[in-house]
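Protein sequence lines, in the order shown, are assigned to chains A and B. When you line the first sequence up against numbering that gives the first Met the number 0, it's residues 0 to 1265, in that order. When you line the second sequence up against numbering that gives the first Met the number 0, it's residues 0 to 169, in that order.
These are calculated hints, taken from the structure and not from any lab test. Here the structure is a predicted model, which means the values were calculated and not measured. We put the CB at the ideal spot given by N, CA and C, even for glycine. Keep in mind that the hints are not guaranteed to be accurate.
[To be verified] Capping the alpha-carbon separation at 27 Å, the derived lysine-lysine pairs in DSSO-like fashion look like this:
id: 1; chain 1: A; residue 1: K385; chain 2: A; residue 2: K524
id: 2; chain 1: B; residue 1: K81; chain 2: A; residue 2: K524
id: 3; chain 1: A; residue 1: K562; chain 2: A; residue 2: K476
id: 4; chain 1: A; residue 1: K352; chain 2: A; residue 2: K505
id: 5; chain 1: B; residue 1: K142; chain 2: B; residue 2: K56
id: 6; chain 1: A; residue 1: K263; chain 2: A; residue 2: K184
id: 7; chain 1: B; residue 1: K142; chain 2: A; residue 2: K573
id: 8; chain 1: B; residue 1: K96; chain 2: A; residue 2: K573
id: 9; chain 1: A; residue 1: K524; chain 2: B; residue 2: K142
id: 10; chain 1: A; residue 1: K263; chain 2: A; residue 2: K573
id: 11; chain 1: A; residue 1: K715; chain 2: B; residue 2: K142
id: 12; chain 1: A; residue 1: K263; chain 2: A; residue 2: K69
id: 13; chain 1: A; residue 1: K789; chain 2: A; residue 2: K856
id: 14; chain 1: A; residue 1: K569; chain 2: B; residue 2: K56
id: 15; chain 1: A; residue 1: K573; chain 2: A; residue 2: K268
id: 16; chain 1: A; residue 1: K1188; chain 2: A; residue 2: K1201
id: 17; chain 1: A; residue 1: K1188; chain 2: A; residue 2: K1203
id: 18; chain 1: A; residue 1: K69; chain 2: A; residue 2: K184
[What the hints assert, rightly or not] Listed next, the stretches of chain B that the computed footprint assigns to chain A, with coverage defined by at least 3 CB atoms under 8 Å from CB atoms of chain A:
id: 19; stretch: 19–27
id: 20; stretch: 148–154
[Claimed, not checked] Sample of chain A residues lacking proximity to chain B, with all beta carbon distances greater than 10 Å (derived):
id: 21; residue: H430
id: 22; residue: N455
id: 23; residue: H542
id: 24; residue: E574
id: 25; residue: V578
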Amino acid sequence: MNSYPTELLAQLAPVMFVAGLNPPKSPAPQPVTPTTPSTPRAQDSFTPLITRLRTTLSAVRQVSIWQSEKTKTFQIVLVDKDVRFPPRKLHPPDDYPDQTPRSPLSPLTPSSPLYPDGLVAPVWIRKHTSFVPSVFVLFLHLFEFPPHTPRSPLDLPDQDRERQREAEERRQDSELAAEIAQRKKATNERTIKLTVVLLASRRMLDDTALDSRLTYIRRQSGLDSRASLFVLSPVSQSELNEFVQSLQQALYEPAVDYYTSHSKRVRRKRNRHTHGNSISYPTPPVSSVPVPRPLRPEGWTVRYEYKMACFAEFRGEDEVALKHYQDAYSALLLMFASITTLPPRTKRWAEAKVLADSIDIKICKLYLYNNEHSLALSFHNTHIRKFCDFSRIWGAGENTFEFWSWMARQQRVMAELLEHGMRSTLVLPVHRPSLLETPVTMPSQQSDALTSLGVNPAHALQHPAFYYYTAARYTEKRREMFTAALELEARGAVAKLSPGFANEKKVDHFSLVVEMYTRSYELFKQRVPSGTSQHNLGRLIFHVAYLIAQTYYASEQFDMAIKFFERIAKTYRKEQWDVMLRPLLSIWYSCAQQTGNMELSVQLLLEMLGHGSITDDAEHLEETLYGVLNSTVPSSQDPLVVELLNFQSIFRIWTHFWETEVYVGQPATFQLTISMPEDISLSSLSFASVSVYFSDDTSTPLVIHHSDDAPDSEKKVRRVALGNVSQYLFDAGGAAEGEANTIQAYLRWGSGVSITFMGTLQLEVPGTLKLAKVVLTVKHNSWWIELPIKLNELQNYGDRTLETPQWLTSVDPPRHLPVKLGDCTTATVRSRPHQLHVLISHSGPAYLDEEYPITIKITNADENVLDVTFDVILHPPEDDSSANRIILEDEESTSLIRGVRFGVLEPGAETVKTLYLLNTGAIGDRTLDVSIRSQSITQRPSSPVPRTPGSAGLQDVNETLQTLVVPTAQAIRVTSHVTYQRPLQPQPGLADLRMYGNDFWEDSVSGEATITSVFRCVASCGLKLESIQFESQEHTMARLIDCSLDNIEPEDTADDWLTGDEFTTICRVTVSQPEGSKSNIPTPGVYVVRWRRLLPDGEPGTLSTTKFALPPLNPPSDDLVALLDLPSTGRLHVPMVMRLTVRNSDSSRTAVVTVHLEPDPSDGFVVAGLRSGRIPMLLPETEATLCWKLIPVECGFARVPKIKVIDRRKAIVPPGQEPPDPPPEPGSDAEGDIVKLVDVRWDGRTGGGEEARATGDIGSILILPQ
Amino acid sequence: MPALVYLNAVAFVSSQNHPILVRTFGQERENNRDIRYHYIAHTSLDVFEERITANPKNTESYLGLLYTMDDVAVYGYITASKTKIILALSLSDTVVKDAEVVNLMKAFHTAYRSAVANPFLRLHAPADAVSDHANSLQVGGAKWKNFRRAIDDIAASTGAISAPPPPPKN
């Protein structure tokens, strides 16, 4: 921005002159006049007010480039009271009497700086911003007659004094009015609005005469009626601010009018000019002396448009201003297009260029005010492009420094403009793809169809840092061109050097470049949004920093460059951008060389070697390194420690263990391979030793020294046997050092050489074996370089994980074995497992209700004394009915018994414990988890190992887990069979009072149940039965009548049962089921079986008791049934009774029953009784009994005469209905239902009502001879 | 029809911001200006992180124009596995359609995916190595030509690497 006059760039605002606020001259003697005795005092009281006013007014607006707010503010200039405006028009000198008066700045005025063909000078703007206001505010003191304080309240108003006061006031006011009128005259000339502010005391404000005085003053001075006279008394700061604010508000409109009238005037002139073309333009005579030529019409257009633009800007009309600026700009371009109009490299040409650039900035700014970023950038780009083209015509093309200087300036100006804007109201757009664009918050005009699909990247406004960056790049080019020009000059070529060459020589290009890069760097730094760490977002910064460093290098400030490189390289290394690191390192190395920092040089050379595998100068690097080591000495005697992050590219290092798990005391074999890629060679570098650290940095390393005489020196693949190096595992002080064991090897790495160090390690406690660090030591002349390589970081580098470690199996010929599995860089050392034999035995299956013994036998086969404890977990049963328990000694649980001690077992000792499992419920498998923990309590031989607390090595604990599945079965299986007999006793009558007694047992409906139970021994081992008993239980609906075990002593049932043995019991139960009850009736009792398992040795086991419940009773019901009661035997010719009971068990229906006896000649009986007849109607729950006398006439099994019982209920025709026609045959089905005839001798039904014997099947009677 | 965008280079950067491959096309390759696009790819990572931080819930891969620097417009694309694809287009005074860039990005992404899926990348890897990162880094290595070839094919098929027009002058 400094490249251009501020006037041309600053945002214009209406100008207000404020006069009459001269700072008080404190020591200056006040002219004391007797006539105005009050003046000094009044002045005194106004001094603070004036000072405050001055501060407030000058703070209203600062001149700045970016000011997009449109508040009605003025650019306030404090001036002297009698300031004079510059002359408006100059009268033409006497020798041009015909010319009209012109502005002193006009190109037509010979004394003007623009004479004769200048365009617009900054001085013109300065005229309007500093010398000519749009409004003029004059601060004046209002005369105040000293107040009269009456001596006493009784004093009358002093008439004389009043008169004197009035006269004085009138006189003073007239003077004041005259002064104002004079000023008014000056301002009127320029149509400047004059406003007078009268300073008066507070007292004065209340004076009744004030109004008339003010009117007088205004009239006298000829002030306008509107907003031209104010009175201000000393007020507080906030009121003062308000006053200044309202003053501006009131005067803004006249100010705008002022500029509008200017615009109109200029527009008139422009129109006249375009149409009139009054001035003739003679073609310039061809001569070497430039003859002043008048300004061409294009130039006038530029002038007029520019002026109108400025006036519009004064008025705050940005859009109008933009349009005029653009017109001015295009007119200017027309001028540039012709060499004759604007010959290059003249003063006017340079001025016009500055004008064009500044108009460009103004236009960009006005676009940006309106958030039209792409339009702004588009205009700026076009501007640059146009002037690039012009530059070629002017002979200042891309190969001149002028061109690049100008280009850089354009970028820089853009950056600065954006910076100004961002400090104020400008918000940079984010170029998100429009596909994702959320509703645009910014009012922008980029909503047309084209831009919604994408953006023109050239018009995408970016952060100012980018423009600074570009400016710096261009400045670099400028320097390049300048250097080329210098060379040209040095060669004495009489090239046509541009006039600016001498000036260019004075320019410090480097500091310019650095300045702009630094600006860019700082802006990028600020750009990092809060909340993200600087570290993550430093790449842009580092790139710029790299360029700065390059510039420092080029300007030979090597120390500065080195500082930058150090920081940048860190990130590049971390993110493995090797390609970028390479040029960085070589410049860095050059810096180090230049500064004579040999240590750094060596360090960088080593790092470059690593990257050298990609570049082609690896050999050269090695030579350079060798040369440096040979020819220089280090600055100190201490070893130079070079920590290379990229050592992987120089050395390929592998460590691996053959076995990743070893036992305590067992050696673990490892290999450490250090190899060199084919394209790098360090054979000239004399490595003195290789130190291997096994645990941490403090431990004593194993050192392998170089020896030229070591074997295998010529081989490419070498192996160095280290032996057992366990003593280096821990820092045992002198223990390791004391070893006079020095291992020697040929430590030279030519290209492709691989040296494998192979040894064993062992630990006496559990832990982890690994190789921590390798330090390669180079001793060359006085150089002592150490290259530490941390082995645990190996894995993190690059594509390392995709390579399989190779185990060297044979040196000659070299053979490798890929180690494919697992992380073999460490080996875990574990305790040996305890030799504990656990034998869990049981002779399955287990039976329900049995305490099933499981023996656990533990034998200590270890050489240590072991303390053994024991946990058992019983898994929960699969079904809810089972309830299982485990019992071990005095502990009993349904799920877990823990911490049972087996005690301390000496080596070879054994111990047995029996665990009992008690199963009930369902059969099936029971699962037990047995965990046996053993802890070694043998005192170890004292080890040099420092014991770390909490490590696994302290508690040498082993755990053996076994899962036990115990099948569970039944020992005795019971099958029960129930039959129900109908009751035979007569049913109680309806009115039988006994029925209502509490102890009445109504078995006449349900009858009796006979339960037959068969106990079958299903246990494969056989059982010893101790006893079997029936335990009766009282029940309201069932009562035991008798049981087959009733008369047997329990002891008498004791017996040995083998598999398949059965034992049967019968019991009878009388059932009294209330009517309508359908539920099952539990049996009144259980069988209790006490038994023992017969162990394999024939001995009985523990006593187990199993209870077997009998099946529930569910007696079937009848509706209408005929029961035939017959004796089983009879004697020949002895009469016997056959009784038929027809029972109507139905609870609601009446039965109409007919009975037919159908004797047959083959019957062995003579029957006396009813042959065929109807039984009286059977009401519900009643019965009728018929009797026949039978006299057997034959011996043997005699059949009973056939009896048919028919329920005729269906055949009865209710009254009012026609009987069926023809009437059914007597005895046929249609006549009625045949009633079930049951021979009670065989009566028996299952729970489902199934008869034991088919209905109607009447058994025979055995007739015995007499 | 000549392509509207002129592709100078494409860069693939791994999820841990390590370079996978930086491939230049056309004149840029002839002029051996690879390093420049390394710088561009590296610096654009800043803008990636800036955009992601500003809008963490964004699931869109295409991030649009990242910045323009010198004569190159840089576009970004981030895959679900946080692999970044960076396109450097020659800056010309035309509107670059997002859809066009997205198509290119998707084609490059597909090429990358199929290259990474090559089982032979892990031929010498230890059996239990699970690092996909190393896998993806290796894809760009000199050993594996298919990926480069695929990228060149994509670039050629879009017609975007025909010699870029001389920078617009008027």
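Consistency of the hints with the structure:
1. With a CA separation close to 34 Å, the supplied pair A:K385 and A:K524 exceeds the 27 Å bound.
2. At roughly 25 Å between alpha-carbon atoms, B:K81 and A:K524 fall within 27 Å of each other, so this suggested pair holds.
3. In summary, the hint linking A:K562 to A:K476 is supported, as the alpha carbons are separated by about 25 Å, within the 27 Å threshold.
4. In summary, the hint linking A:K352 to A:K505 is supported, as the alpha carbons are separated by about 22 Å, within the 27 Å threshold.
5. Of the pairs offered as hints, the one joining B:K142 and B:K56 is violated, with about 37 Å between alpha carbons and a cut-off of 27 Å exceeded.
6. A hinted pair counts as satisfied when its Cα atoms are at most 27 Å apart, and A:K263 with A:K184 qualifies at roughly 23 Å.
7. Under the criterion of a C-alpha separation no larger than 27 Å, the hint pairing B:K142 with A:K573 is consistent with the structure, at around 23 Å.
8. Proximity of B:K96 to A:K573 is assessed by CA-CA distance (about 36 Å); at most 27 Å being required, the pair is judged violated.
9. As the CA atoms of A:K524 and B:K142 are separated by approximately 39 Å, the hinted pair breaks the 27 Å bound.
10. Pair hint A:K263 plus A:K573 does not hold up; C-alpha atoms about 67 Å apart against a cutoff of 27 Å.
11. The suggested pairing of A:K715 with B:K142 holds, with an alpha-carbon distance near 25 Å, which does not exceed 27 Å.
12. Among the hinted pairs, A:K263 with A:K69 is consistent with the structure: their alpha-carbon atoms are about 23 Å apart, no more than 27 Å.
13. Taking the CA atoms of A:K789 and A:K856, the gap is near 52 Å; set against the 27 Å cutoff, the hint is violated.
14. Distance restraint check for A:K569 and B:K56: the Cα-Cα separation of roughly 31 Å exceeds the 27 Å cut-off, and the hinted pair is therefore not satisfied.
15. Taking the CA atoms of A:K573 and A:K268, the gap is near 69 Å; set against the 27 Å cutoff, the hint is violated.
16. Only pairs whose Cα atoms come within 27 Å are accepted, and A:K1188 paired with A:K1201 is accepted, the gap being roughly 14 Å.
17. A hinted pair counts as satisfied when its Cα atoms are at most 27 Å apart, and A:K1188 with A:K1203 qualifies at roughly 17 Å.
18. For the proposed pair A:K69 and A:K184, the alpha carbon gap of about 32 Å is over 27 Å, so the pair is violated.
19. Coverage of a stretch by a chain is defined here by at least three residues with a beta carbon nearer than 8 Å to that chain's beta carbons; for the stretch 19–27 of chain B and chain A the count is 1, and the condition is violated.
20. Evaluation of the coverage hint for the stretch 148–154 of chain B: breached, as 0 residues show C-beta separations to chain A shorter than 8 Å, against a requirement of three.
21. For A:H430, the requirement that its beta carbon stay farther than 10 Å from each beta carbon of chain B is not met, with the minimum near 4 Å.
22. With a cut of 10 Å on Cβ distances, A:N455 falls inside the contact zone with chain B, its closest approach being about 5 Å.
23. The claim that A:H542 lies off the interface is violated: its Cβ sits roughly 5 Å from the closest Cβ of chain B, which falls inside the 10 Å cut-off.
24. Taking the minimum C-beta to C-beta distance to chain B, about 5 Å, the non-interface status of A:E574 is violated against the 10 Å cut.
25. Interface exclusion of A:V578 from chain B breaks down, the closest Cβ pair being 5 Å apart, not more than 10 Å.
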